[in-house]
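*Asks:* Under our numbering, residues 1 to 88 are what the sequence shown spells out, in order.
Bear in mind the hints are in silico, worked out from the structure with no lab data behind them. Mixed in with the good hints there might be a few duds.
[Unchecked claim] Simulated crosslink set (SDA-like; lysine to any residue; CA at most 25 Å straight-line):
#, residue 1, residue 2
1, K65, G36
2, K65, S41
3, K83, R42
4, K38, E75
5, K83, V40
6, K65, R42
7, K65, R30
8, K65, C32
9, K83, T72
10, K80, R30
11, K65, R33
12, K38, G86
13, K80, R31
14, K80, C32
15, K65, A37
16, K65, C35
17, K80, G36
18, K38, E64
19, K38, C85
20, K80, E58
21, K65, F79
22, K83, R33
23, K38, L66
24, K83, G70
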Amino acid sequence: MKGSLWFLSGAAAAAVVLTYGYRQRKKDLRRCRWCGAKNVSRIPKVYKTRPPSPKTLENRLAVEKLLERGYTYWETYMFKVCKRCGEV
Numbered sequence: 001m002k003g004s005l006w007f008l009s010g011a012a013a014a015a016v017v018l019t020y021g022y023r024q025r026k027k028d029l030r031r032c033r034w035c036g037a038k039n040v041s042r043i044p045k046v047y048k049t050r051p052p053s054p055k056t057l058e059n060r061l062a063v064e065k066l067l068e069r070g071y072t073y074w075e076t077y078m079f080k081v082c083k084r085c086g087e088v
C-alpha cells in the first residue's frame, strides 16, 4: 500500500512539472525572440484563395523581410511580428 501511494504522488508531481513546462513554453512563444517583448502579433491571413494583404506598415515590412529570406508569399501568414522591434 505504501509503495502505491509513493508511486501516485510521484506521478502527480511529474504531471504538475510537465504541465508547468508546457505552459511556460506556450508563454515563451508569445514573446519576441530578439527583444523579449510580449506584444507579438501574427501576420493576418485574409482569404484562403489569395495571399495575405498586410495593411499595417509593420506587417508589410515583415512580409518584405520574409520574401527576401526566400519564403513564398503564401507562407508569410504563419509568422509573428513584434510590435516593439519589428522583427519576424
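*Asks:* Each hint: holds or not?
*Replies:* Going through the hints against the structure:
Between K65 and G36, the direct Cα distance comes to roughly 20 Å. Compliance with the 25 Å bound is thereby established for this hinted pair. Of the pairs offered as hints, the one joining K65 and S41 holds, with about 16 Å between alpha carbons and a cut-off of 25 Å not exceeded. A hinted pair counts as satisfied when its Cα atoms are at most 25 Å apart, and K83 with R42 qualifies at roughly 10 Å. Proposed proximity of K38 and E75 is supported: the alpha carbons are some 23 Å apart, at most 25 Å.
Simply put, K83 and V40 have alpha-carbon atoms about 6 Å apart, close enough for the 25 Å limit, and the pair holds. With a CA separation close to 15 Å, the supplied pair K65 and R42 stays within the 25 Å bound. Between K65 and R30, the direct Cα distance comes to roughly 20 Å. Compliance with the 25 Å bound is thereby established for this hinted pair. Proximity of K65 to C32 is assessed by CA-CA distance (about 16 Å); at most 25 Å being required, the pair is judged to hold.
Only pairs whose Cα atoms come within 25 Å are accepted, and K83 paired with T72 is accepted, the gap being roughly 22 Å. Our distance criterion of 25 Å between C-alpha atoms is met by K80 and R30, whose separation comes to about 9 Å. Between K65 and R33 the CA atoms are separated by roughly 16 Å; this keeps the pair inside 25 Å, and the hint holds. Proposed proximity of K38 and G86 is supported: the alpha carbons are some 12 Å apart, at most 25 Å.
At most 25 Å may separate the alpha-carbon atoms for a hinted pair to count; K80 and R31 meet this at roughly 10 Å. Between K80 and C32 the alpha-carbon distance is near 9 Å, which keeps this suggested pair within the 25 Å criterion. As the CA atoms of K65 and A37 are separated by approximately 20 Å, the hinted pair is consistent with the 25 Å bound. Simply put, K65 and C35 have alpha-carbon atoms about 17 Å apart, close enough for the 25 Å limit, and the pair holds.
Between K80 and G36 the alpha-carbon distance is near 13 Å, which keeps this suggested pair within the 25 Å criterion. As the CA atoms of K38 and E64 are separated by approximately 23 Å, the hinted pair is consistent with the 25 Å bound. Taken as a hint, the K38 and C85 pair is honoured in the structure, with Cα atoms around 11 Å apart against an allowance of 25 Å. Distance check on the hinted pair: K80 and E58 sit about 11 Å apart at the alpha-carbon level, within 25 Å; holds.
Pair hint K65 plus F79 holds up; C-alpha atoms about 11 Å apart against a cutoff of 25 Å. Of the supplied pair hints, the one linking K83 and R33 holds, its CA atoms being roughly 12 Å apart against a limit of 25 Å. Distance check on the hinted pair: K38 and L66 sit about 21 Å apart at the alpha-carbon level, within 25 Å; holds. Taken as a hint, the K83 and G70 pair is honoured in the structure, with Cα atoms around 23 Å apart against an allowance of 25 Å.
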